[in-house]
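Engineer: Each chain, letter by letter, is given below.
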Amino acid sequence: MTDTNFLWPLSGGLLIGLAAGLYLLLNGRIAGISGLTASAVGLTHAGVSGLGVGFLGGILGGAALASALIRQPELSMTSSPLLLIAGGLIVGFGTRLGSGCTSGHGVCGMARLSPRSLIATATFMAVAALTVFVMRTVFVGGA
Amino acid sequence: MFARIVAAMACGLLFGAGLVVSDMINPARVLAFLDIAGNWDPSLAFVMGGALIPSSIAYLIRNKRQAPVLDTSFHVPANGKPDRRLIGGAVLFGLGWGVVGLCPGPAIAALTTGRWEAALFAVAMLAGMGAYRFTLGRPMPDYSFK
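Here the protein sequences line up with chains A and B, keeping their order.
Take the first sequence: its position 137, counted from the start at 1, is 137 in the numbering used here, and no numbers get skipped.
Take the second sequence: its position 42, counted from the start at 1, is 42 in the numbering used here, and no numbers get skipped.
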């Protein structure tokens, strides 16, 4: 890609990191969205968590506000119900089995140099890149 | 508890805004970053790099504090050893992420766009979390988010 504008991704990343940092210093917890999502709907051993509901509500509000006031997102994604359902199922199952996703292992775990998170992040990045390569090669023009 | 929920909501607001501002909410952008053998889009490296700056500073500050501002102790898991669950989960997650281009945060944020694809993915993701909860997740303690 030729777009050299790195200010959008950089400022968005700073906001995400600020959210994760504040959540640690205020509530003492890891801002991992897979865990917060599971806890918001009661799919952890602790039942429904007010923190999960609050954080997820905040994500919805923040995304809606930023879409209205800062930048209108234009989403481009597969419209195959099969891929969406299969992808969602294994993302949900995998993030819970592996105790985290891009936020918990990536943003928070790498910041605190957790060996588990470093290995998890390297693993899901490598598998995701390989998956994209296979999808592009096998299903030309698909996905 | 009320203050902690308000704090969680405020952090969520910043997080959700960050997903939109960075365009990480857009699966095509994510897949273009993961497409290292093709027409690579480095944007998400700036997202991750940018996120790690305040996050790392916060974890450095944490080391000098006994407790967070609104709670009596930190709930950060101890640095354990990698195990098969961690690797297996990361492999599955990477597979699903690479197929669609949505990870949990953007999947939630994308619900605000009203796109049916995002809603279907989110429902399937919750079903996957439920499937874990009532199978492999049953006997093991949930040590990441107690």
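Just to be clear, a hint being listed does not mean it is correct.
What the hints assert, rightly or not - Chain B stretches covered by chain A per the calculated footprint, using a threshold of three residues with CB under 8 Å from any CB of chain A: (1) 4–16; (2) 23–34; (3) 60–74; (4) 80–89; (5) 119–131.
Just so you know, the hints here were simulated from the structure itself, not pulled from any lab data.
C-beta: ideal position from N, C-alpha, C; glycine also.
Engineer: Under a C-beta cut-off of less than 8 Å, do 3 or more residues of the segment 23–34 of chain B approach chain A closely enough to confirm the stated coverage?
Structural biologist: Coverage by chain A holds here, the residue count being 9 at a Cβ distance below 8 Å.
Engineer: Taking 8 Å as the C-beta cutoff, is the stated coverage of the segment 119–131 of chain B by chain A satisfied by three or more residues?
Structural biologist: holds (count 12)
Engineer: How about the segment 80–89 of chain B: do at least three of its residues have a C-beta closer than 8 Å to a C-beta of chain A?
Structural biologist: Coverage by chain A holds for the segment 80–89 of chain B (8 residues, Cβ < 8 Å).
Engineer: Taking a Cβ-to-Cβ distance below 8 Å as contact, does the segment 60–74 of chain B have at least three residues touching chain A?
Structural biologist: holds (count 10)
Engineer: Are three or more residues of the segment 4–16 of chain B within 8 Å, CB to CB, of chain A?
Structural biologist: holds (count 13)
Every hint from the earlier list agrees with this structure, and none is contradicted.
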